[in-house]
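Each protein sequence line maps, in turn, to chains B and D.
For my numbering, count along the first sequence from 1 and bump the result up by 1057.
For my numbering, count along the second sequence from 1 and bump the result up by 84.
Think of the hints as simulated: they come from the structure by calculation, not from any bench.
It is possible that some hints are incorrect.
[Said to hold, decoys possible] Rough simulated footprint, nothing fancy, chain B against chain D, three-plus residues with beta-carbon under 8 Å: (1) 128–140; (2) 183–197.
[As the list claims (entries may be wrong)] Some chain D residues well away from chain B (every beta-carbon gap over 10 Å; in silico): (3) Met91; (4) Val95; (5) Arg151; (6) Thr155; (7) Ser167.
Even glycine gets a Cβ: it sits at the ideal position worked out from N, Cα and C.
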Amino acid sequence: GAGVSQTPSNKVTEKGKYVELRCDPISGHTALYWYRQSLGQGPEFLIYFQGTGAADDSGLPNDRFFAVRPEGSVSTLKIQRTERGDSAVYLCASSLTYTDTQYFGPGTRLTVL
Amino acid sequence: GNSVTQMEGPVTLSEEAFLTINCTYTATGYPSLFWYVQYPGEGLQLLLKATKADDKGSNKGFEATYRKETTSFHLEKGSVQVSDSAVYFCALSGSKTSYDKVIFGPGTSLSVIP
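One chain only, chain B, in its complex shape (with noise of 0.2 Å):
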């Protein structure tokens, strides 16, 4: 079947630009993870959802990111007035439930200019 989904593979934007990636998880996955890979690290995690609603948002950096779900499907991750500081891999995976494994998609890379 299907894996995790990510588009773009790669967005090249200016420094104050917005920019939205996405996510589309496998089908029935109700929870749904957003990571961040910077170059040389690990993934680091911003922010989890079951069905529709953002159960753990804690890793979110600031107030410039910004992600939902609205159908418990895909989800959409929103960044505001880019930095050069914010370019790094976009990770998302999903899972059947939150004690189950999780399934990476291959990732959106930012780049802000």
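Given the coordinates of chain B, assemble chain D onto it according to the supplied hints.
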């Protein structure tokens, strides 16, 4: 808070050599422990896991044993192949029965040469 430390890379081995990648953790309670692998050009995927002390996770010839007394979860493989070249991440989750976020280590890059 919870954290994971793993040996720095890159690690370069010849084919058929023995592999150990060290991982130690800090956590309260009884975390679940994981090894994830990221092959070149592919997404992160779970390699193995262990959920309680003395459990051994194994997959694809890799093994790791949950050692609570030394707070370690070292990854081992008896004979590596070129296809094992990847980045390996040790990780933990603070709970196995309720939600807790997964904390990843910085990753160890492995290159296996023929």
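Here is how each hint holds up against the structure:
no. : hint    : result
1   : 128–140 : holds (count 4)
2   : 183–197 : holds (count 8)
3   : Met91   : 13 Å, holds
4   : Val95   : 14 Å, holds
5   : Arg151  : 21 Å, holds
6   : Thr155  : 18 Å, holds
7   : Ser167  : 19 Å, holds
Comparing the model with each numbered hint stated earlier shows that all of them hold.
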